[in-house]
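Trainee: The sequence shown maps to residues 1 to 759 in UniProt numbering.
Derived pair list, reagent style DSS-like, types lysine-lysine, alpha-carbon separation capped at 27 Å:
{"no.": "1", "residue 1": "Lys100", "residue 2": "Lys221"}
{"no.": "2", "residue 1": "Lys383", "residue 2": "Lys278"}
{"no.": "3", "residue 1": "Lys467", "residue 2": "Lys337"}
{"no.": "4", "residue 1": "Lys485", "residue 2": "Lys601"}
{"no.": "5", "residue 1": "Lys440", "residue 2": "Lys485"}
{"no.": "6", "residue 1": "Lys465", "residue 2": "Lys414"}
{"no.": "7", "residue 1": "Lys307", "residue 2": "Lys278"}
{"no.": "8", "residue 1": "Lys485", "residue 2": "Lys439"}
{"no.": "9", "residue 1": "Lys414", "residue 2": "Lys439"}
The calculated label-pair distances, taken between Cβ atoms and stated as ranges, are:
{"no.": "10", "residue 1": "Asp455", "residue 2": "Gln268", "range": "45 to 53 Å"}
{"no.": "11", "residue 1": "Asn257", "residue 2": "Gly31", "range": "50 to 58 Å"}
{"no.": "12", "residue 1": "Ala524", "residue 2": "Lys469", "range": "52 to 60 Å"}
{"no.": "13", "residue 1": "Ala256", "residue 2": "Thr127", "range": "44 to 52 Å"}
{"no.": "14", "residue 1": "Thr295", "residue 2": "Asn257", "range": "19 to 27 Å"}
{"no.": "15", "residue 1": "Asp455", "residue 2": "Ala524", "range": "52 to 60 Å"}
{"no.": "16", "residue 1": "Ser405", "residue 2": "Ala524", "range": "55 to 63 Å"}
Simulated from the structure, these hints should not be mistaken for lab results.
These figures come from a predicted structure and were not determined experimentally.
We put the CB at the ideal spot given by N, CA and C, even for glycine.
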Amino acid sequence: MWVVICCGCYHGTSEQREMDAFKGRSQTTKGIWMAKCAGIEPCTLVMDLEGTDGRERGEDDTAFEKQSALFALAVSDIVLINMWCHDIGREQAANKPLLKTVFQVMMRLFSPRKTTLMFVIRDKTRTPLENLEPVLREDIQKIWDSVPKPQAHKETPLSEFFNLEVVALSSYEEKEEQFKEQVANLRQRFFHSIAPGGLAGDRRGVVPASGFSFSAQQIWKVIKENKDLDLPAHKVMVATVRCEEIANEKYAGFTANESWCLLEEAVQSGPVAGFGKKLNSILYTSLTEYDAEATYFDEGVRSAKRKQLEEKLLQLVQPAHHAMLGHLRSGTLEKFKEAFDKALNGGDGFSVAARNCTEAYMALFDEGYADAVVELANWDSSKVRDKLRRDIDAHVASVRAAKLSELTSSYEAKLNEALSGPVEALLDGANNDTWPSIKKLLRRETESAVSGLSDALSGFDMDEKTKEKMLTSLEDHARGVVEAKAREEAGRALIRMKDRFSTLFSHDSDSMPRVWTGKEDIRAITKTARSASLKLLSVMAAIRLDDNADNIENTLTSALVDTKNNAAVTDRSITTFDPLASSTWEQVPPAKTLITPVQCKSLWRQFRVETEYTVTQAISAQEANKRTNNWLPPPWAIVALIVLGFNEFMTLLRNPLYVGVIFVGFLIIKALWVQLDISGEFRNGALPGLLSLSTKFLPTVMNLLRKLAEEGQMPATNSSQTNQAVASKSFQNGSSTSNMSSSASSGITASENSPKKGE
Numbered sequence: 001m002w003v004v005i006c007c008g009c010y011h012g013t014s015e016q017r018e019m020d021a022f023k024g025r026s027q028t029t030k031g032i033w034m035a036k037c038a039g040i041e042p043c044t045l046v047m048d049l050e051g052t053d054g055r056e057r058g059e060d061d062t063a064f065e066k067q068s069a070l071f072a073l074a075v076s077d078i079v080l081i082n083m084w085c086h087d088i089g090r091e092q093a094a095n096k097p098l099l100k101t102v103f104q105v106m107m108r109l110f111s112p113r114k115t116t117l118m119f120v121i122r123d124k125t126r127t128p129l130e131n132l133e134p135v136l137r138e139d140i141q142k143i144w145d146s147v148p149k150p151q152a153h154k155e156t157p158l159s160e161f162f163n164l165e166v167v168a169l170s171s172y173e174e175k176e177e178q179f180k181e182q183v184a185n186l187r188q189r190f191f192h193s194i195a196p197g198g199l200a201g202d203r204r205g206v207v208p209a210s211g212f213s214f215s216a217q218q219i220w221k222v223i224k225e226n227k228d229l230d231l232p233a234h235k236v237m238v239a240t241v242r243c244e245e246i247a248n249e250k251y252a253g254f255t256a257n258e259s260w261c262l263l264e265e266a267v268q269s270g271p272v273a274g275f276g277k278k279l280n281s282i283l284y285t286s287l288t289e290y291d292a293e294a295t296y297f298d299e300g301v302r303s304a305k306r307k308q309l310e311e312k313l314l315q316l317v318q319p320a321h322h323a324m325l326g327h328l329r330s331g332t333l334e335k336f337k338e339a340f341d342k343a344l345n346g347g348d349g350f351s352v353a354a355r356n357c358t359e360a361y362m363a364l365f366d367e368g369y370a371d372a373v374v375e376l377a378n379w380d381s382s383k384v385r386d387k388l389r390r391d392i393d394a395h396v397a398s399v400r401a402a403k404l405s406e407l408t409s410s411y412e413a414k415l416n417e418a419l420s421g422p423v424e425a426l427l428d429g430a431n432n433d434t435w436p437s438i439k440k441l442l443r444r445e446t447e448s449a450v451s452g453l454s455d456a457l458s459g460f461d462m463d464e465k466t467k468e469k470m471l472t473s474l475e476d477h478a479r480g481v482v483e484a485k486a487r488e489e490a491g492r493a494l495i496r497m498k499d500r501f502s503t504l505f506s507h508d509s510d511s512m513p514r515v516w517t518g519k520e521d522i523r524a525i526t527k528t529a530r531s532a533s534l535k536l537l538s539v540m541a542a543i544r545l546d547d548n549a550d551n552i553e554n555t556l557t558s559a560l561v562d563t564k565n566n567a568a569v570t571d572r573s574i575t576t577f578d579p580l581a582s583s584t585w586e587q588v589p590p591a592k593t594l595i596t597p598v599q600c601k602s603l604w605r606q607f608r609v610e611t612e613y614t615v616t617q618a619i620s621a622q623e624a625n626k627r628t629n630n631w632l633p634p635p636w637a638i639v640a641l642i643v644l645g646f647n648e649f650m651t652l653l654r655n656p657l658y659v660g661v662i663f664v665g666f667l668i669i670k671a672l673w674v675q676l677d678i679s680g681e682f683r684n685g686a687l688p689g690l691l692s693l694s695t696k697f698l699p700t701v702m703n704l705l706r707k708l709a710e711e712g713q714m715p716a717t718n719s720s721q722t723n724q725a726v727a728s729k730s731f732q733n734g735s736s737t738s739n740m741s742s743s744a745s746s747g748i749t750a751s752e753n754s755p756k757k758g759e
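All chains should be built: construct the whole structure from the sequences, respecting the hints.
Mentor: This is the structure in structure tokens:
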């Protein structure tokens, strides 16, 4: 059996220096020393450790004392801890921080093995040990309770790891004999220390003596590799705690600073003039206050905590700075847009305006950023600046595209206006010069539009390839307008043909409406009108903007108008080729075809059917006019009347009274003729004339009889005068009526003779 005891030696060996009172206090043990106790059973090894508060290592090298203390607790059965009596109750002098660290790491690295901790109170005062021991035990228990424990030892009591023993030694200098006696008694307690009831009687996890060397090496290796024991010196710890407190106070003061709060609130709603200057002033004030309060603490700790404070403050103000840059970017972009639009409206070229405005407002952004820069931060503004540049370039590109589109649309609209109406008019008056005139119009308007667009594009600083592409597109648009209008008019070809036929057929050369009097040659007029309509069809059959010749007109004329050819075609066999039985024209590409031959044939057939009625109506009107103007009976009837009525005529000559009665009857009939306007009533036809006369005849007769009755009731003198006046008036009326009858008869005769001459 063997025992390991860890303690501090007070008398030097041959290799240790004994502390000399006359030479001052100094370290007597350096490192860890080990020896076998002489005269103590069972075999007992003693480790002597250097003090934990020696001045030789200084306050900055405390790692070894933590490592050696943990090593002693890990390998020893009994650990003697020297304490000055007057240090009991103190925090640092009683090695509480050391014990706290060692306890914490020991529980994490090693399993419980029940070590006896013997606290040796040095230079005991008059205070009884019974009063000192409870205080010391209470302090050790508090240390144990405050140590963070692994989950497995959350509820493990101190007694599972350690047995606590407390002994006291008098002052060696004042009570040397008593001191030696007490040391001798303490030595006796180590005899049979592992026996039941001994100092290490309940130890666990005993390592055999043969494996002690290897076990100690492994334990030291584990302890050396553990970083939790590399704790700072006392002044570093104090500086760390205090500097952190100061930094937290300054951070809290900064967040509550009224100037900062107002600045942060203001920057959320818009840009703030002098933002960087104001923010730098607040930051420097907080850091200056920190430097002033932490100036007497460890420089390394102070600098590290100041750096942390800077980082926290910069992290706090960074959103406000980003908001400021956002306002600066958006504000600069809006100003750029306004200035750019103003420059364009002022007549500046697009490229010049874009370049000048971009340079000016990027410089304005740089000035604004210089005013908003935070000197403590090394923030890169290139991302915000690059985003602004991208936004400006995107706006310029969008405006450029809009302007180019507007220019193109403007010139296209001008071409539409300049070509649509004239082309429609030219196609409406289709003749041999229609397509040459359209080509001339297209060339003139296209050259004008291309020249204007080319001049307008010179301010956009574009490459020749793109410019040429836009000009070619405009030329194609002009050609497309003509072709579209031609196709549109081709769709109304039948209407145009009927309108032209109606115009030529129903109006004379002076554009006056024709009156079908019987002298007109309806056949010749019809042929002329249809030939003009066919001419219009041939013009609208294909697009002729190129100089290629075609025979569309000849084909249509030979197939549709030429009567002899038509008769010949009719007489041919069914297998004979029909020039219009095709979907394409010779020498005309399908893309240029507006009306195919088959469609032309169909349109001509429909045209003839729909205009046939007009021709028929004209012939009917001519025949009706002939009948209306022919009032005399046929010559044979006149001869028959003379021959057969010769006796009656001679009877009238022999009896003048009959002549008078006939003359009076003639006057009455003539009066009725004039009053009833018989010729006018029969202009609209026989049946309407008879119906109208039947309603007017009786009132007219009654009116005449009433006038005659009124004349008969007048006095005799008046009667004679009235009769004379009436006779005179009747004679005049008769004369005029005779003249009118003569004129009407002459007109009828003339109209009747005219067709005979024409015939």
